[in-house]
Each structure stands twice: as C-alpha cells, then as structure tokens.
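Student: Dock chain one against chain two, each of which comes alone in its own frame, and use the hints as you go.
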Amino acid sequence: MKLEIKNIYKSFGSKKVLKGVSFSAESGEAFGLLGRNGAGKTTSIRILMDVFAPESGEVFIDEKPVDYDKIRIGYLPEERGLYPKKKIIDQLVYFAELNGMSKRDAVKAVDYWLKRLKMSEHRNKRLDTLSKGNQQKIQLITALAHNPQIIILDEPFSGLDPVNAMLLKDVVKEQIEKGKIVLFSSHQMNYIEEFCSKIGIINNGEMVLQGSLHDIKRNYVRDRLVVRTEYPEKIIEKLGSQCTANESGELIIKLKSAEDKQRMMRGAYGEF
Amino acid sequence: MKQFKTILKFELLNYIKNKVFVGITIFLVAAIAVVMFFPQIAESFGSQSSEATNSKPVMLIVNDAFDNSDMLKESFSSAFADYDVQITNDGIDSVKSLITSETAECAFVIKSDSEYDYYVNNNSLYDEKTMIADSVLQNIYRVNAMVKSGVSPQDANKIMNVQIEHNTTSLGKDQTKNFFYTYIMIFALYMVILLYGQMVATNVATEKSSRAMELLITSAKPVSMMFGKVIASCIAGLIQLVAVFGSAFLFYNMNKSYWGDNFIIKSIFDMPLDLLLYMLLFFILGFFIYAFLYGAIGSTASKVEDINTSVMPLTFIFIAAFMVVMFSMSAGSVDNTLMRVCSYIPFTSPMAMFTRIAMSTVPLYEIIISVVILISSVIGIGVISAKIYRVGVLLYGTPPKLGAIFKAIKKS
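These protein sequence lines are chains D and V, in that order.
If you're matching positions, the first sequence starts at 1 in our numbering and goes up one per residue.
If you're matching positions, the second sequence starts at 1 in our numbering and goes up one per residue.
What you were told as hints is all true, and nothing was included just to trick you.
Where chain D lies over chain V, by a calculated footprint (3+ residues, C-beta under 8 Å):
1. 1 to 7
2. 214 to 222
The calculated lysine to any residue pairs, modelled on SDA-like cross-linking and capped at a C-alpha distance of 25 Å, are:
3. Lys125/D <-> Leu13/V
4. Lys86/D <-> Arg116/D
5. Lys73/V <-> Tyr126/V
6. Lys87/D <-> Ile16/V
Derived from the structure by calculation, the hints contain no laboratory data.
It should be emphasised that the depicted structure is a prediction, and the values quoted were computed from it without experimental measurement.
Note that beta-carbon positions come from the ideal geometry of N, C-alpha and C, so glycine has one too.
The shape of chain V in the complex, shown without the other chains (with noise of 0.2 Å):
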C-alpha cells in the first residue's frame, strides 16, 4: 500500500510537472475565457461602432409585378428586420452595379406574383433570404386571392396571421435543453480517455526502452504499479477536467448578463448535480477500463515508436463507441436497440449508458446493472493488465501476439 502511494504521488507529480501539461489547461482555460467573455467584449466594441455607422445593409426590392409597392415594402421590412428595404425603380443593369459595387447587399427583381429573380454578390451557404421571401410573396398572394374573392384586407391579413400558443410538458427528459451539455460531456470523455490512455501507454514504453523497468520491476508490484499509474492518470484527467469547466462555469457567471437568455449557453450550465455526479462515476470507470489496457498495450511495446501500431485496436473500439453514441444523439433516438445494448457492454457502456441516463428516462435496476458490469469489468481488467504488464515488460523485441500473452500470464 505504501509503494501504491509512492508510485502515485510520483506520477502525479509528473503530470503536474509537465510543462506540457500545464501549458495545455492553461491555454483550454484562456480559450474559454475568451469564449466566455465575448459578448461583454463585443458590445464594448460594437457600441461604439453601431453608433459610428449606424447603417443597415440595404435591400432593393424593384417592384414590376404589384400595383401597391408600399404594402411590398411594408411586407419585407417586416419580414427583413435587419435590412434597409428600399423600393426602387432602376433598371436592372444599375441595380447589379450597385450589388458589386456594395452598395447594396442584395436585390429582389418581383416579375409577377408567384416569380423573382435575387441578385446577391457572393451566394453564402447560409442565405435564407429566398426561403423568407418565397414565404413573403406567398403570403401576399394568399391575402390578394382572399381579397379578390371578397374578404376584406384586415380579415384576410388576420387569417393569414394567426398566431397559434402552445406549451411543452416534458414528462422525462427534455432533449432541447439536455442535448448540448451531453454532447460536450460526452466529448470531453472522449478526448481525456483518448489523450491520457495514449499518455499511460507512452509513459509505460518509455520505462521499457530507457529501461528503468529492469529496475521498477523488481523494486515495486506489478499490480501497483498499474494502479498508481492509471490513478495518478485519472487524477491529472480530472484536474484538468475540472480546471476547464470549473473555470467556464466561473467566467459564465462573471458574464451572466451579457449571455442574457442565450439557449445553448443557458441549457449547458444547467446540468442538474445527479447528472454530474453519474458523469463522474461514468469517467472514472471508463478511464480507468481504457487507461488499464493502454497501460498493458505499452507494456508489450518495446519502443515508443511501435505505441501507435499497438493501440490502434483498442483505439478503434473506443471511436466506434463514440460515433455510435454521436449518431444516435444526432438522430435522438438515444433508446435503441444498438445503445441498449451498448450500454452494458464494459469498452462502450460509460459513453452510452451516461448518454442514455442524460437523455431519456433509464430505470435505475438498468443503471445498477450497468455500474455492476462496468465495476467488475474495472477489476478483472485491472488484474489482468497487471499481469500482462509483469509478463510485457521483459519482453524485448518484436511486440508478442496476442496468444503468446495469454499464455505468458496463464503460467506466471
């Protein structure tokens, strides 16, 4: 126990000594701290530049289709809040000039009622402007008809208008609002197990070839070393982990009434505590599961160059987990087949069962089985990386195979 405690605060004093380490979650905390400053920035900025130009972009509508163009006007202004609709009666060559030449930004040419031409400078992958006015003309067109056939323009602008109210009681869980947090939860789940399984991988090899392992295996247990490893890794994982939301959530609330009743923004910074408390558990069992079989991945290893071929395996199992959660969050149906079973098999259940806990409504019997398997799975694995790393690190040369592993261990 006390060689576990020094082999610990050994590796975790290397993290924390690490200048890499330390100058990654001080760049992750400053990046967020912009971030979360921006808009109090920006309005410092912006203020003073709005009052500066105090100038829409302009919009030119040429009207050859409707005898009123007031109420055409009236009709894009309202719909283009942002723009400076003007009707003009130029043809369309000084219409175009004006476009290039940035003067205005873009430009409707109505031919008829149902038809337009738009002009623009440079077509964004974002303009939506022909979807609102498709919808503007359609509008119009639908009150003229009703108008023609005899209702009067207030009834028929009335019809056309009618706001429906309706409320959302959502009884489980609300993936609206819980979608962002579980995706950036999820994400740095993955980013961390990935980083620092790599990182326990490379810190084992590198013992191996700078050979100081002749040395630590016979001064220490294998099983200790294994553990103080993986936790020291854990340990820096979470450091840093709560170094970057803890510093987020603090910016958040220094800039709370810049943010103002930003969705996303607001949605993350609600996660509810129980949710916090599984993410953990959930981190903490995942990382150790991967760190524990990078840890014997690097044992096997006799350079550090041979790590990225080693570990690929276990690394595509770790994404194929990801891309499974991600796809099926994108796709919001978070309680399929593919994730109920998912999230009880050990390698994928920390991303799928957390997702499905944050996402949908799981029965507590499914957590606690979950939590068994994974916990039992932690041991076993736990065990066994030991022993492949008691067996790996003497072994010099050519990575083994696999059934020459399993063998070694079954004899020792």
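Chain D with its partners taken away, still in its complex shape (with noise of 0.2 Å):
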C-alpha cells in the first residue's frame, strides 16, 4: 500500500498554514515529520485523516483518492487525553469500536495490548489513577487496538521513561515490520533516526526537505563548523561575515568548501 499526500494547501482565516505539502510512505516504512512547533505538522496530519478537508490537495492511497471508510488509521495525537473518570477497559474498548470493531473483537484486542504493554493489572482502573507515562501507554492503545494499516504518532516518545520508551519502539519497530504504515511527527531527530528510512522537514507550511534519511545524510553538503569557545570575538573578527551565532552561544561557520575543513580547524586549534 502507498499513501501519496500531494500538494496540499490549507489556511486557517488569512494565516496560510499549509503551502503545497507533499510526502509519501509505503506499506513496512516509516516516514518521520520533522518540523518545528506551528510549522504545521498536526494540521497536516489531521488533513490527511479527514479532519478538515484542505482548500486544495489530495490524498491518495494506491494512487485512487483515499476512501475513509475503507481504510483503518490509527492516530495518537501529540495533545493526550481520554476520559479521566471512566474505566480503562470500557473506554478502550469504545474506541476500537469506533474505529469499526465488533465489541467482542474489540475486547480480545484491548486485553492483548494491554497485556503487551504490561498493563493488564490497571484493566478495570479508572484512567485518572494512573501515572502519566502510563496513561500514555492506554492513549498508544487506541491507535493500535483496531489493526490500523496507518498509524499515526505524534510525538509518541514524549513523557516516557527509557524503560517505557525501548518498549514503544519494540512495538513500533514489530509494526514496521507487519507492513504497516506508519508516520512520526515530531522535533526530535534522534527518535526519528532509529526508525524513519525516509522523513520529511516541514516549515512555515512547506516541505523544505524530502527524501531518504541515507540520502539526505550523505548529500547534504558539509560546509558547516560548529565552534564552542569562551573568546567567539576573535574568530568573528577574523572571519567576519562567514560566522554567525546561534542560540546558544556557538559559532556557525559556513565553510567555502567541504574540503576546508580539516584546514580550518587545525587552524582553529592553533590559533585560539
């Protein structure tokens, strides 16, 4: 299965959030959506599972417009929440039929994730008593419980202790390789880098960067030097307007070439 998002264009009131995104995913892959807060990674993910319906753009599954009644998406959204005062079981099994499961279907499956992910023992809990890392792990079961072929997850690894986190990546990396689709929105790279082949850069409402996290690594021309240093006066006098300074302090150098830069900072070394 291909999921293709072509050339979506969405604004909320004058704000133009989305500007022509573009991606696509295949079934065994999964594809992280990188971007900053507001670059409009929810709003994309809530066009793609019919939310709202984007001003122009489509969805294709298999390169046919995306029949949602059809296809099964599973979605954790970065904002969690289910309800706080009901019991664990009851709601789970809510929405997985929801999402067009049998009650009965609904049950076998909600007790096999809850056992997966070690949580049997809160089955018949009230949500509310629960720890927020755990409450995460009943809010990841409504994205998994119907047997999605998408699975969306935004921001998943958020709020997780490492125990909980190696085990949410045993699941996704089992959901891969089931042959499923499945999307990472998130700002940090190093999760992405564990499972996305391929990802995607989102910013200001445009895809910025695309492509094969292999490619892109061994592509992107290396022209950069990051310096840390206690004297960055120094090196901006000297290099004048090749540096600038990011957020933190350091000093971005931008290289005239690749090469330069065993040059530069043997330079550097000496020098400072």
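Tutor: Put into structure tokens, the structure is as follows:
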C-alpha cells in the first residue's frame, strides 16, 4: 500500500498554514515528519485523517483518492487525553468500536495490547488513577487496537521513561515489520533517525527537505563548522561575515567548501 | 450507522451509570411517593389525634349590638363550621388575654349591626375570617331590615339564601380541568430541557478540555457524535420523566380512595391519551432543538468554566419562551397573538403549541404546520450544529465569535 499526500494547501482565516505539502510513504516503512512547533505538522495529519478538508490537494492510497470508510488509521495525538473518570477497559473498547470493530473483537484486541504493554493489572481502574506515563501507554492502545493499516504517532516518546521508551520502540518496530505505514511526527531528530527510512522536514507550511534519510545525510554539503569557545569575538574578527552565532552562543562558520574543514579546524586550534 | 449506535450506547450508559443521575431519579420518585401517600399517612395519624384532643379552635363573639344572641351564634356557627363558636359577656381585656394565652383563637366584638372589631393573635396572610364575618353580618342586617318592613323572618331567610343551580358544558377544552396538568407538563418540559441541555454542553466541553476530543474527532463522524450524544440524553431524560410520572401514576392508583375527590389531583391524572402523545412529540422535538444548540455551544468553549457564559443567550431565549407561555396560561388567554406567533417559531413552539393544544381548541392544520416547521428546523439545526461541532472542537483558546464560526462552517 502506498500513501501519498499531494500538494496540500490550507489556511485558517488569513493565515496560510500549509503551502503545498506533499509526501509519500509505503507499507513496511516509517516516515518521519519533522518540524518546529507551528510548522504545520498537526494540520497535515488532520487533513490526512479527514478532520478537515484541504483547500486544494488530495490524499491518495495506491494512486486512488482515499476512501475513509475502507482505510483504518490509528492516531496518537500530541495532545494526550481520554476520559479521565472512566474505566480503562470501557473506554478502550469504545474507541476500538468507533474504529469499526465488533465488541467481542475489541475486547480481545484491547486485552492483548494491555498485556503487551504490561498494563493488564490496570484493566479495570479509572484512567485518572494512573501515572502520566502509564496514561500515555493506554492512549497508545487506542492507536493500535483496531489493527490499522496506517499508524500516526505524534510525539510518541514525550513523557516516557527509558524503559517504556524501549517498549514503545519494540512495538513500533514490530508494526513496521508487519507491513504497516508508520508516520512519525516529532521535533526530536534522534528518535526519528532510529526508525524512519524516509523523512520530510516541514517549515512554515512548506516541505523544505524530503527523501530517504540515508541520501539526505550523504548528499548534504558538509560545509559548516560549529565552534564553542570562550572568545567568540576573536573568531568573528578574523572570519567576519562567515560566522553566525546561534541561540546557545555557539558560532557557526560557513566554509567555502567541505574540504576546507580540516584546515580550518587545525588553524582554529593553533590560533585560539 | 454502527458508529452512531456505539456512541448512543456509550453515552446512554454514561447517564445510567452516573450516580448523580440515579440518585436524583430515586429522590424524585421517593418525594412523589411521600406526596401521594400523604393522605393515607395523615389519616392514620389524624384519626388518633382527633380522638385524643377532639376540640375545635374556640371563636369568641362579644355581642354588644343585637338583642338576640342565639341568632348571632347560629349564623356564625354555620359560617365557621370548623370553630367552636362561643358567645361571651366578658370584657374586652379578658377576651384579649384569652386570645394571647391561646385558649381562644380569635374574637369578634360586634359593636353595632354594621361594625365589629376582630381580634386575633397572629394575623395570617390567608385569614379570610373577616370577609366571612362581613357577609354574615350583612346577611343579618338585610334579614332584619326585611323583617322590619313586614316580611316574615322565614321568608326573609329564604330570600337571602336562595340557591342558584347551574351546569357548565364546555364544547372545547375545559381550562379548569386541564390547567394543572398542562402546568406540570410545561414545567417538566422546561426543567428537563434546561437540565439536559446544560449536561450536553458540559459533556462536550469536558471531552474537549480533557483532549479526548482529539481522538474522537478522528475516530467518529461529527454528525454521529452529535446525534448520538443528543439522542442518548433525550432517552435519559425520557427515562427520568417516565420514572417520575409513572411512579406518580402508580402511587396515585394505590392511594385513590384516600385522595377521594381532590379536584386538583384528580384532574392531573385525568389527562387524555392524545395529549400525552402530543406531549411526547413536542418534548422530543423541543429537546432536540435545544440539545443540538447546547452541544454546538459546548464545542466552542475550551474550558468547562466557559460554558455558563456561552450558553446564556440560548438559556435566555428558552426562559423567555417559558415566561410567555406561563403568563398566557395564568392570564387564561392561551390564544393571544403572541402565543399564536410563538407556536410557529421553532424555539418556542414546543411549549406554546402544546399549551394551546392542551388548553384551547387548535385547528389540525395549525398543529401540522407547527410540527412540520419544528421537524425541519430540528434536522437543519442538527446538521448545522454538527458542523459547528466539527469546527468548534478543534479551536482552543477564547470562545470564538459567532461570525468566525459561521465563516468556518461555510468553508468546511
């Protein structure tokens, strides 16, 4: 199965949120959607899930316009939240049923996932009696229980301790191996790097960079040097307009070419 | 459709499993049980106490005007059957002290044939004794006057106490009979719609503030969500109404003999079946129209605390409709122009039209027009509300302005 998002435009009021976003992902593949807060990640996901219609552009499954009655999508929203005062099993079954499962299958699937995520002991508790990390694991079940073909995870690792993060990684890898399309949205590169063969970087509503992670890494011109020093003034004095300071006080030196790097590093070491 | 059923079931179970919902229903049924069993309870207590004390309150009469005290006592005794009327010759002061010590309840000091003083310990708001005494004395005065001009006392009495017989045949509706049940029905309609409307709004806002909405909106269609929620709360409301009125009816039948000929109670349970069906129809339609709007408003508030201010305009419309109906009912003119207009406006017609059907004779075509307008508005408002809901649930921050919402709906 191939999921394609083609040339999506969307604006809220006078604010243009998406200006021609396109990307694609295939079964058994994870796609990482990177971008800063407010870049348009969540809006892209919501359009993909038919929460609202785009102004122009379309979503395709296997070259055909998507039919939302036939496709199952699992979604872990960035803003986590379920019914705090309801029994966990009740609400998980409810969400699985809303996603098209029969009651019996839903109970079975939810119990499987509770066991898989080591949450079976909490089956009949109220959600708000659980810790935040555990609530997040419960929420993850809503994205997985109905055996979706496309899984969308928005910042799945935020708020998880290392043990649970490992557990989640295993689950995600397993889903990718099962041939699901997994869509990651995050602003943390390290997790994306671990699973995603393809990434897309979205900035200000535009896809600024997209392709296989391997290619991007290889083809990216390595002509920048980051210098951390106690005396940035001296370097600025010498190199002038080649330097820019970033937010944490480091200097970014743009080199004339990648081959220049060694020379510059040696020179910098000697001089300062 | 399956999704709608799932939502309906889930929401309905929410109500039925809710301890507050169950508690209120049980409390109401218990309260009604107390009211309906009251005459039976009162009788079993009352029979003992009346034997024990067996005394009527004492009413003192001081006669300073008439020669014949017996005639005075007889007239007062028949006018105040519940009192032990005693003629006394004691002075004013001792009469006063008898009243303050509560040996006697009240006293009339007759000064002349057209003047008296009334003494009572605590003058009640509902004390009508002076009015009765006025007419008793008037009667005596007139009889005396007639006797003076040559009529025999017997004839004079006959003339004064002539009984007129009359029969009322109501060709349309009898407002004396149906006033009470219409009143109760309208009040029930008002309470249930206001209560459940607010509940729907709070329910939606809670889902939104707990962010369960993020998941709901991606899992279910807004139209199924909206209709599922509203219909579930409508069923919950009906269950509550049936529980309350059903138990009232049951308890009434268990105590029928004790209530005897109590006019009000009898007229309440004497409701014709067709009116009950109209009640059901207008209840459901009226409920839908308001619940949809409450749901839509709830979806635009991002915090539960914002709900109260957001729903205010809608609640005002509803209260205004209720007021118009109530005033028209108590004025006895349910067919006035305002009520006629109100019975076609979808927001007011459930109450206005129902009242008119119950208390006056409305031509069938008017009812049909009103119901058709109402049904089409319910569908229209349902769809618009689902659209507002779809747009509203994803807007966080300050509640959006009306214009902004409509713009967003147009676009989606």
